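Protein chains: 2
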Amino acid sequence: MLNIGEVARRGGVSVETLRYYEREGLVEVAGRNANGYRRYGDDAVRQIRFIKHAQEVGFTLKDIKELLSLKADPGASCCDVRGRAEEKIREMEAKIAVLERMRSILADWAAACPDTGPVSRCPILDALENEMDERRGGMSCLPPGRGA
Amino acid sequence: MLNIGEVARRGGVSVETLRYYEREGLVEVAGRNANGYRRYGDDAVRQIRFIKHAQEVGFTLKDIKELLSLKADPGASCCDVRGRAEEKIREMEAKIAVLERMRSILADWAAACPDTGPVSRCPILDALENEMDERRGGMSCLPPGRGA
DNA sequence: CTAACCCCTAAAGTATACTTCAGGGTCAAG
DNA sequence: CTTGACCCTGAAGTATACTTTAGGGGTTAG
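Going line by line, the protein sequences match chains G and H. Numbering (our numbering) for the first sequence: 9 to 156. Numbering (our numbering) for the second sequence: 9 to 156.
It is worth saying that the hints were derived from the structure and are not from the lab. Any given hint could be a false lead.
To be verified - Which bits of chain G does chain H cover? Going by a derived footprint, with three or more residues having C-beta under 8 Å, they are: (1) 57-67; (2) 74-84; (3) 92-103.
Owing to the predicted nature of the structure, the values given are computational and were not obtained by experimental measurement. Here a beta-carbon is modelled for each residue, glycine too, at the ideal position from N, C-alpha and C.
Between the sequences and the hints, there should be enough to build the whole structure, so can you do that?
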């Protein structure tokens with residue numbers, strides 16, 4: 009049985025992060041000892057690493073909570089996990105597409121910029137001031153946050 | 009002179025957003041009339057559109073505040089603006105690279121997943137449980153947020 | 001016994017870009 | 001004179017993933 013500091017060290021996270029994960033239902037404590045200290049089994053360390061790896065490939069903590077439920081559910085199928093992965097892949101592709109489009113617009117503008125000259129005749133600022141209609145291919149580049 | 013509702017309509021934002029932009033120093037009011045209502049010149053509408061266009065190509069409000077300073081500074085050069093654009097392009101390329109890497113890892117894992125089978129023998133969950141060392145190309149996929 | 005280091009809780013702060021809320025004036029039409 | 005649309009302020013809420021703060025107890029080496 010490990011105390012929180014040991015789990016944190018082995019898992020590569022801070023103790024505050026561990027307590028946070030506990031509040032969020034991502035990691036459970038095995039119990040408490042007499043003085044109220046958390047005791048963890050060493051599966052806790054594996055769990056932390058799972059969480060960190062999942063974050064590294066793009067899952068949010070919310071996603072990860074779902075993955076952990078699937079992992080713990082003997083009735084769940086591997087397909088369910090793959091479904092989550094494929095959904096995440098689609099999200100990433102969408103983000104990549106947005107970024108690529110923004111990058112290409114900016115790159116075009118930067119290319120149109122002379123080496124010198126006052127900001128009063130800057131093609132980038134001009135472009136930002138005026139409509140960008142020739143670019144319209146449908147969707148805006150803005151993320152799907154709730155707009156005005 | 010326009011009141012806030014009119015500027016919001018023409019600029020395609022909400023009045024709350026306008027007041028927020030004002031607090032953040034992105035838009036100035038021309039003045040107030042007797043009852044305390046804000047009055048705007050129609051350059052305000054152009055300013056709002058500038059802000060929205062800049063957001064669409066990936067600038068944050070902080071970036072945009074800088075761009076607006078450059079725009080207002082007669083001593084600034086067009087190069088300065090292009091510098092900001094190029095920096096933003098580099099940021100986007102970095103984000104794209106991270107996303108591409110995550111996507112490719114996930115895609116490989118998803119491809120390794122059988123059509124059926126219990127989660128107990130899921131290659132994706134297995135991969136998340138164990139180290140992902142064969143992938144190491146240096147940098148982690150995690151964004152540069154302050155880690156544990 | 002005391003310093004150093006570990007543990008505990010609850011709450012607030014961070015960053016971004018807004019939105020929502022609470023509470024209250026102003027204005028034009030009918 | 002009331003109704004509805006508009007305006008005002010200041011503060012808090014949203015989402016994400018933590019970190020930091022404030023305040024206090026436990027444990028171990030010297």
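Hints versus structure:
1. 57-67: Per the Cβ count (8), the hint holds.
2. 74-84: holds (count 6)
3. 92-103: holds (count 7)
Of the numbered hints stated above, none is contradicted by the structure.
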